[in-house]
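Here the protein sequences come in this chain order: A, B, C, D, E and F.
Last residue of the first sequence: 125 in my numbering, with the numbers rising by one and none dropped.
Last residue of the second sequence: 628 in my numbering, with the numbers rising by one and none dropped.
Last residue of the third sequence: 130 in my numbering, with the numbers rising by one and none dropped.
Last residue of the fourth sequence: 295 in my numbering, with the numbers rising by one and none dropped.
Last residue of the fifth sequence: 160 in my numbering, with the numbers rising by one and none dropped.
Last residue of the sixth sequence: 359 in my numbering, with the numbers rising by one and none dropped.
It is possible that some hints are incorrect.
[As the list claims (entries may be wrong)] Derived Cβ-Cβ restraints for the label pairs, each shown as a range:
{"id": "1", "chain 1": "B", "residue 1": "Asp561", "chain 2": "D", "residue 2": "Ser273", "range": "41 to 47 angstroms"}
{"id": "2", "chain 1": "E", "residue 1": "Asp70", "chain 2": "F", "residue 2": "Glu50", "range": "34 to 40 angstroms"}
{"id": "3", "chain 1": "D", "residue 1": "Ala284", "chain 2": "B", "residue 2": "Leu316", "range": "21 to 27 angstroms"}
{"id": "4", "chain 1": "F", "residue 1": "Arg175", "chain 2": "C", "residue 2": "Gly17", "range": "15 to 21 angstroms"}
{"id": "5", "chain 1": "D", "residue 1": "Ala246", "chain 2": "B", "residue 2": "Gly545", "range": "35 to 41 angstroms"}
{"id": "6", "chain 1": "F", "residue 1": "Gly337", "chain 2": "A", "residue 2": "Arg52", "range": "32 to 38 angstroms"}
{"id": "7", "chain 1": "B", "residue 1": "Leu397", "chain 2": "C", "residue 2": "Phe3", "range": "46 to 52 angstroms"}
{"id": "8", "chain 1": "F", "residue 1": "Arg175", "chain 2": "C", "residue 2": "Phe3", "range": "27 to 33 angstroms"}
{"id": "9", "chain 1": "B", "residue 1": "Glu151", "chain 2": "A", "residue 2": "Leu16", "range": "54 to 60 angstroms"}
It is worth saying that the hints were derived from the structure and are not from the lab.
Glycine included, C-beta positions come from ideal geometry on N, C-alpha and C.
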Amino acid sequence: MIEEQTTIAVGKDELLGTVSDFHSQGYRLVQICCTALGDTIEIHYSFDKDYRFTNLRLTVKPGEEIQSVSIIYWSAFAYENEMSELFGVKIRNIVVDYKGHFYRTAVATPFVATETDEKNDTGKE
Amino acid sequence: METIIFLIIFPAAISLVLLSIPVKSVRRLIAVIANIALIAGTIHLLYGSAGETIRYELENVWIERAMLTLEVTLSIYILYMGIRFRRYLVVFFTLLQLALLVHFEAFAIPAVPVAHNLFVDNFSIILALIIGIIGSFICLYAIGYIEEYHERHKESEDNRRFFFFLMYLFLSAMFGIVFSNNLKWIYFFWEITTICSFLLIKYHEDEESIDSAFSALTINLMGGLAFAAGISYAGIYAGTLELDRLIAEGGAYAVIPAALIAFAGLAKSAQLPFSSWLTKAMVAPTPVSALLHSSTMVKAGVYIIIKVAPALKGTLAAAMLSYIGGLTFLVASFIAISQSNAKKVLAYSTIANLGLVVACAGIGTNEAIWSAILLIVFHAVAKSLMFLCVGLIENKLSSKEIENMDFLIMEMPKVSAAMIIGISGMFLAPFGMLISKWATLKAFIDFNPVMAIILAYGSAATLFFWTKWMGKIITIKYGLKNREKVVSPWEWTTLAVLSFMTIGVCIIFPLLSSALIEPYIIELFGVSPSMDRFNIIIIMIIMLGLLTILPIALMYYAWLDKDYKRVGTYLGGANVDNVRFLGSLGAQRTADIRNYYLDGFFSEKKLYNYGLVTAVFLVILMLGVVVI
Amino acid sequence: MGFLSMTRNIAQNLFEGPSTRRYPAVKRYYEPKSRGMIGIDIEACIFCGLCSKRCPTGALTVAKDRKEWEIDRLRCIFCGYCVEVCPKKCLSMANHYSPCVTDRGDAIHLEKQAPKGTTEQPVEEKLEKE
Amino acid sequence: MTPIDYFIHLDNIYLKAVIYVVLAPILGGLLAGVDRKISARMQGRIGPPILQPFYDVFKLFSKEKIIVNKFQNFNVILFFVFMVFTGSLFFLGGDLLLVIFALTLAGVFFALAGFSVNSPYCHIGAERELIQMMSYDPMIILVAVGMYQVTGTFRVDAIAMYDGPLILYLPGVFLGYLHVLTIKLRKSPFDLAMSAHAHQELVSGLKTEFSGTTLALIEIGHWYENVLLLGIIYLFFAFNSFLGVAAMLVLYFFEIIIDNTYARFKWELTFKSTWLVTALFGAANIIILYYAMQP
Amino acid sequence: MFFKKSPWIIHYDATSCNGCDIEVIASLTPMYDLERFGIINTGNPKHADIFVVTGSVNESSHQVVKNIYDQMPNPKVVVAVGICATSGGIFRECYNVLGGVDTVIPVDVYVPGCAARPESIIDGIIKALDILERRLVEFRKAKTEARRQEKKLRRYHLND
Amino acid sequence: MSQRNVIPFGPQHPVLPEPIHLDLVTEDETVVEAIPSIGFVHRGLEKLVEKKDYQDFVYVAERICGICSFMHGMTYCQAVEEVMGIAVPERALYLRTVWAELSRVHSHLMWLGLAADAFGFESLFMNCWKLREGILDIIEATTGGRVIFGSCKIGGVRRDIDGDTMKGIVEKLDRIAAEIRHTTDVFLNDYSVQHRLKEVGVMSGEEAYALGTVGPVLRASGVAMDARKIGYAAYRNLKFEPVVEKSGDCHARCRVRVREIFQSIDLIGQAARKMPEGEIAVKVTGAPSGEYFSRVEQPRGEVIYYVKANGTKNLQRFRVRTPTFANLPAMVRMLKGASIADVPNIILTVDPCISCIER
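Excised from the complex, chain A in its bound form (with noise of 0.2 angstroms):
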């Protein structure tokens, strides 16, 4: 085992405040990604602070609306953005929003998409 890592599962409700929490608490942000695992959508916040790995674990259903952490963590419009292109999820409040503009991908929400959707849909925007 290299480093320790810890999984910290999240609600949606309590999100932004626990964010807020690590934000003061002068953690930075690494990453946000997203796993689409069938009929859930799995969103991972992970956090640095002193080479202390830590992360959040929000699960939500496909279509469901969060808000998002880029009012506390201006970087992370990047991620949204591109969470919401890739898989559809909606986020309310990105910064910048690129409305769907930002990868300009030949399929719609690839990840989320099924085999047949990517073969029949071109996805031209």
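Go by the hints and put chains B, C, D, E and F onto chain A.
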């Protein structure tokens, strides 16, 4: 002499006629006839009187009395205006002037004999040509302009009869200035131009116009006060009221009035400590700017400076004069870089060029005076053309901003062509201004290389702001609507005539020089500068080259050249079409391009303040040295 | 703060002469370990198809029935995975890349196992030819 | 008698003009080729053949003509014509001030070419070109002023035949001229508006939209210009033609060194430094000379 | 013929992993020095003769590749450098990759390699030079042909 | 009336070999607004895990980026090894360290060259790339590739470097280091370089930390954050301190990279001395199950791989957060108020790897 009197009286009479006739078409007819008469008059003068200076007696007590009465009436009017708008500085200056005048008229006048009240020499013929021809055409232009102006400015009162009254009255006063030998007469006409300017600036009657008008009035009254003081001094101590005698006598008594009159000239031609009024005066309707504030009235200032300069020759005051001119040229050229308002750029460029003339006058060598006169001619033609073009564009685009003139060549090709000629005329070889700048440079080097250095820097700045403006106009974009279909024939005529004149004066300049300027210089100095024949040939070759290559190449590109493929502009490969690109956030944007204004280096406020302080210092030095 | 601090370097370059490898006039020396184009000793091949299954880009096709082994040189990424997985170790890697082509078809290289009995040219010679 | 002396004393001005018009591009092209070769060697490369600039230009002549708008090449033609004309005027021994004004005219056409296209990179290039012109213009005029002060004439032929060593009278002016020469030769650190190699923020700057024949004309125009600029260097050393030629070559080599030892300056520094150098060296030299030459 | 001696290139990274890009740049640097052949990296389609594309094309870049190609004056040659550019390479199955460069514009020379070595790039460009010369001849022929056609048309119209 | 230019910067732009697009809104030449647009290199390779075997996927991971390809492969292997609990042999860890540091040296030298190119110093650019070839020769001799090393695999490494070669490499590196110093001195001391880089794109430590920047960008602002300190591979046995500069401008970022070149050369020396004998790989069987965030310090900063597996041969989710992605917001911030001439410098001192950002 009849021609002269005709030229002075006729416009004044026309102005009264225009004021009294209520029918528009009749007024127009009269104006056209009057303009033709004026032009004919000046040309007649050119053929009749060119050569030696001719002086005329015109002794008539009634003229003097009428002038005095008018002067006092005008002063009272100014007093009234000053009190009504609470400009107490104006009131103060007027009162002082009135006091000086009354004192002088009451006590000193009988003692001073005036032999010649009027005169004609080549210099005044040149100015008369400018006033007569350019002035007439500007008045023609104004007929078309004012129509559209009132369409655009529905809120302002339609006072166009009064407007034309003032324009023609002004022409009359200008003729008066250049033909009068009697200082008191000059002063009388001088004050009329001041008041015309005041009333024309505030024509729009909004707060900004009134403010600017009073600013112009205050400064010009200050100049007028100095003028009046100069006359009093000349009358009392030098014992003459004649311009030529005052200059010819020279000596200690002539220096003080000369310096005071030069001071008045500085104020009138908006040299540095006084330059603010001219830039503010740009709120006036554009023909006014063209006529009063670039081609004629401000020229009266430099005219009088050139006239009195010989009296100051060799004194420190003359050196100061040249430094004030040089400084004004430098500072105004620099400030013009940071301006985006077309009329302000023109105003600053006018100030700069007048600065050059003043500097030449201060130097006062034969070469310098020669180039000063050339400068006046070339500047008057090119600058009035520029102003009139801007006026037209302003009416069409409802904006004076240079940045709104992109693609003008596609929207208004003919106006743009006129404008390009005007701009080229202002700084580019082989046009006139460049020839005179060249002569000026030669004069400067022999006088004092510091001035040459100033000229080198200043003309570099000139190059920058003119070229970027020209670049803005000639940017080409397809698919734009032609917007010049509805320009009135009045305006077209004037633009065409002035464009051809800009080229014309350059082609005939050797003639102009040998027929009019050189005799004048020889009369003044005994010797005359002349350009190297080789250089004149070269300039003519460039001119001819341009006049042939340009149309041929344009025709080639317009009709003959078919062997090409059109592609889009380089936009980093993100083209959507020729000018638009796919930008961030999925938006299609147009590549928008603007000029540079280098505000960090040439900010108006900073430079103006520095210039103002230095110029005030120089003016104080100029007057102080004389008094001591 | 230095002015002209690059002078030393450019003077050195000027006097030492250019350090250019004059390819193609001078042949480039390749390290023996350099990864390059794939060759096959077709006689040893058993057409198991493991290489084509493992190939990350699908550059290899193996037809067991026709005893053919085909490589699209414009798909091969020179990873060497096929060489690694080959059970008979009949695949080999040259230390230089395959040549540039102007037509896609030129890059498809087909090896066919001869019916038993005929002798084949050694692999190296074949590679040279290409 | 060196060829240069022969050229100066040649009375037939038509012959002079023909010699210049024919020889200047050849010289300029060779100079550009040598420049590229030496630069490459300084970077540890072999570099292109000496004749490469000619190959480039000939190639450009046979390319397809692509344009953004019909009139964009118009100003380039004018630039080229006036550049050749300016050079001829100089080598015919014309008035130095007139040469400078004609040079400005050519430069203005070049900048206008950039403006007329309505392309962002061209436009920035043109603006920068103008800033450069504004930067170097005072110094170039001062060169003429200084020469006039010493020799009492603006005629190039008279200056070239002047016996005294101009360089000793005008060391400051000469230094100032060297400074602006870097701008005019479009060498680093002042290659703001465009440069031969495109590794800059402005793609190719002013010449972004010009291709084929027009680009070739721009290149050849610059060869003419470079020869003219070297000619002005020669004037400083005109009292000895060997020294003059040596000075031209040494200074060109020096410019190559400068090119290879500097990063590109920003326009602010370019502008400030040039005007400062003009004032410190050029203007100061002229003022001192003025007082020294007063009786 | 001067095309052979002065081919100017423009390089565009369609969706390359960087590997081929830095090798293209490396081939311009002292060790390989493409300028020996008169090659300049112009970075501007309007000056270029050879279009060097690295990487496969994707949803966003295919339009860019097309734009650049369209803005290049004839005669022109396209060199696809690296396996991604020739066939899509290891990424051909990705959802956003359309395939090799030849799906968008005609490719003249395919340079293999992952990442392509500078030697391969030099080989490829030298191969492209011959094609460039050929293109010039074709281009001229087409031009005179077009002119003739136009003249014919005009005459026809005049006679009408 | 506005005096604002709107200029498209990229996607094809000669100063950057890679496509990124910025809508630059400028006034005179001052950037008022810069909005980046990416997606020109987006391939979508994260989804490729669903099609490829987790062991074969190393080849894809290596090709995320051609500059730090080895580090990508290594991070991926490390992530899977952690999920599967594989103990990698010590020698393999050391070899990975050597290659990682070699690629850091080549990446930094390449960056120095590109930066020199961006501020118009062509001869310096050429010099840097000339030196870089020396490093590439070492890399080619040991791995068989100049750009894509292809020597990492799950469970260890694919190739070995024998003792003599290792010694030769260290000696050669020392020689090259002396030459590199001549060149980097120009970066540190030259007036024109300082004019272009000093006080350009200044970012304070607090701001850089708040924006989540990583790598040299963060360290140049005075924050000592180096993921190598976590102690992956052999770094826990090597002695080094993160390189930190205080001023936070472009020149500081340049200095950080210059010093890191020498630090890396030193680390290679240390690794060569301490390298134990033994196996270079273990055999890997089975399929991974679990999740892990693997962190490695790339030349551009900390890269994070997230691997989630559910016991099949294909991973469930594979996610890469590359350093440039984290530095992108900082770049946008720094561009505001810079001049057009600074834009390439600022973009380059972030050392953007667009193919990393977009994967």
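Okay, the hints, checked on the actual structure:
no.: 1; hint: Asp561/B x Ser273/D: 41 to 47 angstroms; result: holds, 43 angstroms
no.: 2; hint: Asp70/E x Glu50/F: 34 to 40 angstroms; result: holds, 37 angstroms
no.: 3; hint: Ala284/D x Leu316/B: 21 to 27 angstroms; result: holds, 24 angstroms
no.: 4; hint: Arg175/F x Gly17/C: 15 to 21 angstroms; result: holds, 19 angstroms
no.: 5; hint: Ala246/D x Gly545/B: 35 to 41 angstroms; result: holds, 36 angstroms
no.: 6; hint: Gly337/F x Arg52/A: 32 to 38 angstroms; result: holds, 35 angstroms
no.: 7; hint: Leu397/B x Phe3/C: 46 to 52 angstroms; result: holds, 50 angstroms
no.: 8; hint: Arg175/F x Phe3/C: 27 to 33 angstroms; result: holds, 29 angstroms
no.: 9; hint: Glu151/B x Leu16/A: 54 to 60 angstroms; result: holds, 59 angstroms
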